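Enquirer: Chains A and B supply the protein sequences, listed in that same order.
When the letters of the first sequence are read in order and numbered with the numbering used here, they come out as residues 1 to 480.
When the letters of the second sequence are read in order and numbered with the numbering used here, they come out as residues 1 to 251.
What the hints contain is simulated information worked out from the structure, not anything from laboratory work.
Owing to the predicted nature of the structure, the values given are computational and were not obtained by experimental measurement.
You may find that some hints are simply not true.
Derived SDA-like pairs (lysine to any residue); straight-line CA-CA distance at most 20 angstroms [stated by the list, open to error]:
id : chain 1 : residue 1 : chain 2 : residue 2
1  : A       : K469      : B       : K100
2  : A       : K52       : A       : T42
3  : A       : K453      : B       : D144
4  : B       : K100      : A       : T42
5  : B       : K100      : A       : Q468
6  : A       : K453      : A       : S421
7  : A       : K469      : B       : G92
8  : B       : K10       : A       : D428
9  : A       : K453      : B       : I16
10 : B       : K125      : B       : V161
11 : A       : K469      : B       : I11
12 : B       : K10       : B       : G52
13 : A       : K469      : B       : N104
14 : B       : K100      : A       : K52
15 : A       : K424      : B       : K10
16 : A       : K453      : B       : R182
17 : B       : K100      : A       : V465
18 : A       : K453      : B       : F234
19 : B       : K108      : A       : T42
20 : A       : K453      : B       : E51
21 : A       : K453      : B       : T96
22 : A       : K453      : B       : Y97
23 : A       : K453      : B       : K125
24 : B       : K26       : B       : G52
25 : A       : K453      : B       : N139
26 : A       : K453      : B       : K108
27 : A       : K424      : B       : E28
28 : A       : K453      : B       : P141
29 : A       : K469      : B       : Y215
30 : B       : K10       : A       : E427
31 : A       : K424      : B       : N104
32 : A       : K453      : B       : M138
33 : A       : K424      : B       : E51
34 : A       : K424      : B       : I224
35 : A       : K354      : A       : T415
36 : A       : K424      : B       : G92
37 : B       : K100      : A       : G450
Going by beta-carbon spacing under 8 angstroms, a handful of chain B positions derived as facing chain A [unchecked claim]:
id : residue
38 : P72
39 : P91
40 : F234
All residues carry an ideal CB built from backbone N, CA and C; glycine is no exception.
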Amino acid sequence: MASANTFEEFTQQEYKYGFVTDIEADTVPPGLNEDVIRLISTKKNEPEWLLKWRLRAYRKWLTMEEPTWHNVHYPPINYQDIIYYSAPKPKKVLQSLDEVDPELLSTFEKLGISLDEQKRLTGVAVDAVFDSVSVATTFKEKLSELGIIFCSFSEAVQNHPELVRQYLGSVVPYTDNYFAALNSAVFSDGSFCYIPKGVRCPMELSTYFRINAENTGQFERTLLIADEGGYVSYLEGCTAPMRDENQLHAAVVELVALNHAQIKYSTVQNWYPGDKDGVGGIYNFVTKRGKCAGEGSKISWTQVETGSAITWKYPSCILQGDNSVGEFYSVAVVNNMQQADTGTKMIHVGKNTKSTIVSKGISAGRGQNTYRGLVKVLKNAEGARNFSQCDSLLIGDRCGAHTFPYIEVRNNTATVEHEASTSKIGEDQVFYCNQRGLSTEDAVNMIVNGFCKEVFRELPMEFAVEAQKLLGISLEGSVG
Amino acid sequence: MLEIKNLHAKIDNNEILKGVNLRINKGEVHAIMGPNGSGKSTLANILAGREGYEITEGEVFYNGENLLELSPEERAWRGIFLAFQYPIEIPGVSNTYFLKTALNSIRKYREEPPLDALDFLALVKEKARLVELDQTLMNRPVNDGFSGGEKKRNEIFQMAVLSPQLGILDETDSGLDIDALRIVANGVNALRSPERSFIVVTHYQRLLNYIVPDYVHVLVDGRIVMSGEKDLAFQLEEKGYSWVENQDALV
Ligand SMILES: Nc1ncnc2c1ncn2[C@@H]1O[C@H](COP(=O)(O)OP(=O)(O)OP(=O)(O)O)[C@@H](O)[C@H]1O
Ligand SMILES: [Mg+2]
Numbered sequence: 001m002a003s004a005n006t007f008e009e010f011t012q013q014e015y016k017y018g019f020v021t022d023i024e025a026d027t028v029p030p031g032l033n034e035d036v037i038r039l040i041s042t043k044k045n046e047p048e049w050l051l052k053w054r055l056r057a058y059r060k061w062l063t064m065e066e067p068t069w070h071n072v073h074y075p076p077i078n079y080q081d082i083i084y085y086s087a088p089k090p091k092k093v094l095q096s097l098d099e100v101d102p103e104l105l106s107t108f109e110k111l112g113i114s115l116d117e118q119k120r121l122t123g124v125a126v127d128a129v130f131d132s133v134s135v136a137t138t139f140k141e142k143l144s145e146l147g148i149i150f151c152s153f154s155e156a157v158q159n160h161p162e163l164v165r166q167y168l169g170s171v172v173p174y175t176d177n178y179f180a181a182l183n184s185a186v187f188s189d190g191s192f193c194y195i196p197k198g199v200r201c202p203m204e205l206s207t208y209f210r211i212n213a214e215n216t217g218q219f220e221r222t223l224l225i226a227d228e229g230g231y232v233s234y235l236e237g238c239t240a241p242m243r244d245e246n247q248l249h250a251a252v253v254e255l256v257a258l259n260h261a262q263i264k265y266s267t268v269q270n271w272y273p274g275d276k277d278g279v280g281g282i283y284n285f286v287t288k289r290g291k292c293a294g295e296g297s298k299i300s301w302t303q304v305e306t307g308s309a310i311t312w313k314y315p316s317c318i319l320q321g322d323n324s325v326g327e328f329y330s331v332a333v334v335n336n337m338q339q340a341d342t343g344t345k346m347i348h349v350g351k352n353t354k355s356t357i358v359s360k361g362i363s364a365g366r367g368q369n370t371y372r373g374l375v376k377v378l379k380n381a382e383g384a385r386n387f388s389q390c391d392s393l394l395i396g397d398r399c400g401a402h403t404f405p406y407i408e409v410r411n412n413t414a415t416v417e418h419e420a421s422t423s424k425i426g427e428d429q430v431f432y433c434n435q436r437g438l439s440t441e442d443a444v445n446m447i448v449n450g451f452c453k454e455v456f457r458e459l460p461m462e463f464a465v466e467a468q469k470l471l472g473i474s475l476e477g478s479v480g
Numbered sequence: 001m002l003e004i005k006n007l008h009a010k011i012d013n014n015e016i017l018k019g020v021n022l023r024i025n026k027g028e029v030h031a032i033m034g035p036n037g038s039g040k041s042t043l044a045n046i047l048a049g050r051e052g053y054e055i056t057e058g059e060v061f062y063n064g065e066n067l068l069e070l071s072p073e074e075r076a077w078r079g080i081f082l083a084f085q086y087p088i089e090i091p092g093v094s095n096t097y098f099l100k101t102a103l104n105s106i107r108k109y110r111e112e113p114p115l116d117a118l119d120f121l122a123l124v125k126e127k128a129r130l131v132e133l134d135q136t137l138m139n140r141p142v143n144d145g146f147s148g149g150e151k152k153r154n155e156i157f158q159m160a161v162l163s164p165q166l167g168i169l170d171e172t173d174s175g176l177d178i179d180a181l182r183i184v185a186n187g188v189n190a191l192r193s194p195e196r197s198f199i200v201v202t203h204y205q206r207l208l209n210y211i212v213p214d215y216v217h218v219l220v221d222g223r224i225v226m227s228g229e230k231d232l233a234f235q236l237e238e239k240g241y242s243w244v245e246n247q248d249a250l251v
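Next comes chain B alone, as it looks inside the complex (with noise of 0.2 angstroms):
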């Protein structure tokens, strides 16, 4: 579903993604790890179509479109989700009518009806009960005041309300407690599906005990240089980020 050949990026001049090759089939779960600033995020972000950043070379497909030249909102209708590493505060606007706009446009784009306010409050229902997503964050203002923890959370209940194709997941671990770790991850099991596919971007091999990947791949200094299956994660955690830069050194 989702095709990256040689992507190479660049912010303000300087080279972030040197070539990044990458392919998901429909159901799959990927991990992404790699060092501070290896340019995961900054993957993530191009994937969801974040302003500034200059695409020098390579393309990208998703189910046979050409991602790079939709809009943001034009690839989340077509079912991508990203999970923020920073979710953003949005004062003044409260988090029930937000998802609920959200959810209406995609439906929207889908050709389906808009949820009534009663279906949209069944629904909601049912989703924060999966992430144990306390019921007065909905009230309040999207994000704003959350803890961190809160607002990991609320991504993730976010993704299971707007239920997408691809879900990019930017360190949802980090910031969470033990209990949220679980509870967010059983969130996401929930939601696997031979339809749906994962790009879980991670420093810690302790969410992929819980959320088990297909593939984990190793992001350095913007490239792919290795891929394996979840046991990668072990060796990765067990010997540090030089073993993978000396292995790469000697290929």
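So that you can see chain A by itself, here it is in the shape it has in the complex (with noise of 0.2 angstroms):
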């Protein structure tokens, strides 16, 4: 019956992001060892501290191996075939947005992201990475009349060296696991954030990742640090061209909240996730991790997975300061070939601390998700609190869903709460919406925002809308 075709041509919108920028780069060539760092180091002109460092990541990183665990499959990396640096190459120092290549503008343009500073979303500050360097970042100047920093991490890095010297690698060292060791050695750039004491920084802050080199791994990192009752949003959007080979992305983002400072940390992951057959595709290895080191600090990750092969990626909360606060809202999608294996560790340190994970995840097509969370209690932290809320949604027969929690107590003050459900689309659903008008698109979409919800509630406004349909056009053609 014609609903059929509906459903089967529902499938294949292409992917929106996947064109490619054709513009100069410095590109190092493909392959990794000590003096390829140091040619890295020297071309962000590094102090010598920050290579050392990134030389004591890759020998740790070579004693490393690759992490087995996961839910997720994919052929052997070849390290050594990698690109580790690729720069759009600037025609001179770049003084004002006026002197960014019109080429990248445009690719920011064409990606909705307006790094024209007169047409920007309202109360957003962009800072834009553009394969492994970052390009513009808007709103500087109004930032640091607050005495907020907001830039490139490698500007962090010559202009307020001891920032970063104290920070870098506090949250996840480089010995943390595998893709952070491999990080820390090679990373180009990324966002570097710094909000002062008692500042409530006034608008959304925004990094926008773009991959478009050709066989480069992108390894950025992000640096955010909140001062003693500072606040701060922060949005991080990603996509990449469409291409047949795998592409890894291996990022590390590092917060710290101190005393009474909130951190909100939302991302809208759009990296290419291959084709329906499983060819190409970002294989996105990220470590993701904050740090409430202070008292009464709260740090909130939402994230809205929809693109990449893999994903593997577990944003976590350390409890350290009493009565601290963490938070985990995930949407995760998988359709086609796509496989996730994401959650959450919330790691209970100090007294009457409080974390919430609440996890969506949606399997299409022969995608599979996997939800991996760890809520772990020390001994010291009497009065912890956690709730956890994992809802899995699957659509069609072929998909997966696999949910692993795992909890460790040490402490019997603590309350533990883990709630799960597994839910299908059924055709039954789809046709009772095509009964009252609704088209099979139409119908999926608000079964799946409908499901949601309380996530997409997380996010600031705009991108809530955003997310939404990037799930929509993710999901086309799962039904059926």
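The two chains are supplied separately, each in an independent frame; assemble them into the complex guided by the hints.
Expert: Right, here's the structure in full:
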């Protein structure tokens, strides 16, 4: 019947961010060794301590094994085939946005990110990272009046080395895991943000990551510090061109919240997921962690993960300060051949610490979605509380949802609650909607958005709308 | 407006409908009765465009169009509404949002502008009153945790809001208490008009006291074996289907 076609047709809308920008790039040859690391460090005019840190990370990495405990499958990555540094070639040192290569600006325009400060979304400052390099940061001056530092990582290394040195690796040490070690050795840029004492950042800060160059790994590093009583809401968005080979993205994000500071970190991740047969796509192996270092501090992660061939990512919170709060709200979508192994870790160290986990996994096509979460309550975490809710939604019957909640409690005053559910978008539901006049596409979108409501609510308004649209696109063709 | 000609349909290679003929004019109410498993819901589902049935013979015309070639939503846009025997639950989607999206997609087909929130709310209030639907149900997810009776009432409420041309009610009366039956029937009656037709599937003559049909058909084993006017329902209630089957044998 006609609707069977719509189910199928609904499948393959092209990835709309899949274009390539033709731009001259400064690229080092593929492969990794100490010389490449020295070269990256030199190109970035880095201080000696940072080079040493990179080299220590590299040597550590050489001794580590790629993790295999996760529930994703991919052919071995040859780390010598990857290009570790590629930067859009600047004509000269940029003084203002007007001097940014128009090709680059138009790339970001195409992606719906305006770097032109006049036309930007109201109240959003953007740092745009193209391949591994930050190309433009908007609203810098306005922010600096408040003492807020928001710039590329490289600039921070030049202009605020003491802050970088104090906090770099303080949440995710280079010894943490294989990909974090690799990132520490070769990271080329990323965003840096510092919110001073008592300052409430008046606008959303946003980093937009774009992978463009071929065979290039993207290893960016984000470091965000909210000093006592500071507040910031931060958003990152990610896209990449469609390419037949897999590309590695191994980023590290570190957040530090001091006494009574609050950080809200939202991600809309839409890396190229590969085609419907699983050819191409980004391997997204990312380490994100926040430390609620201070008393009464709060870190909240919200993520909408629709892209990447493989996602391996556990934005986590170390609740060290007493009365600190960690939150994790996640929507992870897999369609076609995508695989995701994602979740969070909430480590309760301080007293009366509180964490909330809301995870919504959506699986369609032959996608495999795994939630992996750890709630750990240490001995001194009197009165710690956690609530976790993991819901899975299946679309069709060739996909899978898996849930691995790990709970370790060493303090008997702790309360840990876990709820889970699995449901399925049935043909009955779709038919019911069709019968009321809704197309299959609208029906699926409506049901999925309903399912994700609690997470979307946590996103800043403009991005919630974007995220909803994105979900619709990701799930095209998933029913039937 | 609706003409079903010699309709044969199979599910999983079992023939369920074995030559159904039925003609419905504008403004008419046709009741369909018949034993369990005789194919009443099958017929209703096929008219609404549900997948999974193989039409082996026959055709269906709706306002001159070949109905069987249209997708379910295209049929809905053209004014076909099915009140489900077992309404489906859609967790997470509010009843109001669902209905608004549905109404606006139908309006789009009719080239009417979408209703804004205020007009929609006014319409919903008016129609909710018609079937005395508890307003709090409007903000709950579609049919999620509704009682059996609330679900049925919600179906008629949706029908009132979407104002179809052909309403197909599949056992809307089952699961309703006596008061609700009266209320729902009155709701349907309020929707009767010279432009709107109904197919009312029911097991009980009682409903037909409230919704008085123009014709009653008896479906047995995939065929309409007897048709008559409203008093046929009384005879059925009195004598049971074996009477029809014997009559059928006599023919
Ligand atoms: N998906 C299916 N697979 C196999 N047989 C089916 C399927 N759906 C319906 N049938 C069969 O088709 C026949 C007709 O079913 P239908 O639901 O149309 O009956 P009905 O007249 O509506 O009955 P009731 O009065 O009990 O609602 C039944 O024998 C039923 O078992
Ligand atoms: Mg039935």
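Enquirer: All the hints need checking, so say for each whether the structure fits it.
Expert: To see whether the hints hold, each was checked on the structure:
Taken as a hint, the K469 (chain A) and K100 (chain B) pair is honoured in the structure, with Cα atoms around 19 angstroms apart against an allowance of 20 angstroms. Pair hint K52 (chain A) plus T42 (chain A) holds up; C-alpha atoms about 12 angstroms apart against a cutoff of 20 angstroms. Between the alpha carbons of K453 (chain A) and D144 (chain B) the distance comes to roughly 16 angstroms, so the proposed pair stays at or under 20 angstroms and holds. Between K100 (chain B) and T42 (chain A) the CA atoms are separated by roughly 60 angstroms; this puts the pair beyond 20 angstroms, and the hint is violated.
At roughly 18 angstroms between alpha-carbon atoms, K100 (chain B) and Q468 (chain A) fall within 20 angstroms of each other, so this suggested pair holds. Restraint check: the Cα-Cα separation between K453 (chain A) and S421 (chain A) comes to about 15 angstroms, which is no more than 20 angstroms; the hinted pair holds. For the hint pairing K469 (chain A) with G92 (chain B), the CA-to-CA distance comes to about 17 angstroms; that is within 20 angstroms, so the pair holds. With a C-alpha separation of about 19 angstroms, the suggested pair K10 (chain B) and D428 (chain A) falls inside the 20 angstroms cut-off, and the hint holds.
Restraint check: the Cα-Cα separation between K453 (chain A) and I16 (chain B) comes to about 42 angstroms, which exceeds 20 angstroms; the hinted pair is violated. For a cut-off of 20 angstroms, the pair hint linking K125 (chain B) to V161 (chain B) stands: about 10 angstroms separates their Cα positions. The hinted pair formed by K469 (chain A) and I11 (chain B) fails the criterion: a straight-line CA distance of about 37 angstroms is larger than 20 angstroms. Only pairs whose Cα atoms come within 20 angstroms are accepted, and K10 (chain B) paired with G52 (chain B) is accepted, the gap being roughly 9 angstroms.
For the proposed pair K469 (chain A) and N104 (chain B), the alpha carbon gap of about 19 angstroms is at most 20 angstroms, so the pair holds. Restraint check for K100 (chain B) and K52 (chain A): the C-alpha separation of about 62 angstroms exceeds 20 angstroms, so the hint is violated. Distance restraint check for K424 (chain A) and K10 (chain B): the Cα-Cα separation of roughly 27 angstroms exceeds the 20 angstroms cut-off, and the hinted pair is therefore not satisfied. Of the supplied pair hints, the one linking K453 (chain A) and R182 (chain B) is violated, its CA atoms being roughly 38 angstroms apart against a limit of 20 angstroms.
The straight-line distance between the Cα atoms of K100 (chain B) and V465 (chain A) is roughly 18 angstroms, inside the 20 angstroms bound, and the hint therefore holds. About 51 angstroms separates the Cα atoms of K453 (chain A) and F234 (chain B), which puts this hinted pair outside 20 angstroms; it is violated. Distance restraint check for K108 (chain B) and T42 (chain A): the Cα-Cα separation of roughly 61 angstroms exceeds the 20 angstroms cut-off, and the hinted pair is therefore not satisfied. Restraint check: the Cα-Cα separation between K453 (chain A) and E51 (chain B) comes to about 30 angstroms, which exceeds 20 angstroms; the hinted pair is violated.
Only pairs whose Cα atoms come within 20 angstroms are accepted, and K453 (chain A) paired with T96 (chain B) is accepted, the gap being roughly 15 angstroms. For the hint pairing K453 (chain A) with Y97 (chain B), the CA-to-CA distance comes to about 13 angstroms; that is within 20 angstroms, so the pair holds. The suggested pairing of K453 (chain A) with K125 (chain B) is violated, with an alpha-carbon distance near 26 angstroms, which exceeds 20 angstroms. Proximity of K26 (chain B) to G52 (chain B) is assessed by CA-CA distance (about 29 angstroms); at most 20 angstroms being required, the pair is judged violated.
A C-alpha spacing of about 14 angstroms is found between K453 (chain A) and N139 (chain B), which places the hinted pair at or below 20 angstroms, so the restraint holds. The suggested pairing of K453 (chain A) with K108 (chain B) is violated, with an alpha-carbon distance near 26 angstroms, which exceeds 20 angstroms. The hinted pair formed by K424 (chain A) and E28 (chain B) fails the criterion: a straight-line CA distance of about 39 angstroms is larger than 20 angstroms. Of the supplied pair hints, the one linking K453 (chain A) and P141 (chain B) holds, its CA atoms being roughly 12 angstroms apart against a limit of 20 angstroms.
For the hint pairing K469 (chain A) with Y215 (chain B), the CA-to-CA distance comes to about 49 angstroms; that exceeds 20 angstroms, so the pair is violated. Distance restraint check for K10 (chain B) and E427 (chain A): the Cα-Cα separation of roughly 19 angstroms lies within the 20 angstroms cut-off, and the hinted pair is therefore satisfied. A distance of roughly 26 angstroms separates the Cα atoms of K424 (chain A) and N104 (chain B); the hinted pair therefore is violated under the 20 angstroms criterion. With a CA separation close to 17 angstroms, the supplied pair K453 (chain A) and M138 (chain B) stays within the 20 angstroms bound.
Straight-line distance between C-alpha atoms of K424 (chain A) and E51 (chain B) comes to about 18 angstroms, which keeps the hinted pair within the 20 angstroms bound. With a C-alpha separation of about 37 angstroms, the suggested pairing of K424 (chain A) with I224 (chain B) is violated against the 20 angstroms cut-off. With a C-alpha separation of about 10 angstroms, the suggested pairing of K354 (chain A) with T415 (chain A) holds against the 20 angstroms cut-off. Between the alpha carbons of K424 (chain A) and G92 (chain B) the distance comes to roughly 13 angstroms, so the proposed pair stays at or under 20 angstroms and holds.
For the proposed pair K100 (chain B) and G450 (chain A), the alpha carbon gap of about 15 angstroms is at most 20 angstroms, so the pair holds. Interface hint at P72 (chain B): satisfied, since its Cβ lies 4 angstroms from the closest Cβ of chain A, which is below the 8 angstroms cut-off. At about 7 angstroms, the closest approach between the beta carbon of P91 (chain B) and any beta carbon in chain A falls short of 8 angstroms, and the interface hint on this residue holds. The criterion of a C-beta within 8 angstroms of any C-beta in chain A is not met by F234 (chain B), whose closest approach is roughly 32 angstroms, and the hint is violated.
Consistency note: the structure conflicts with the earlier hints numbered 4, 9, 11, 14, 15, 16, 18, 19, 20, 23, 24, 26, 27, 29, 31, 34 and 40.
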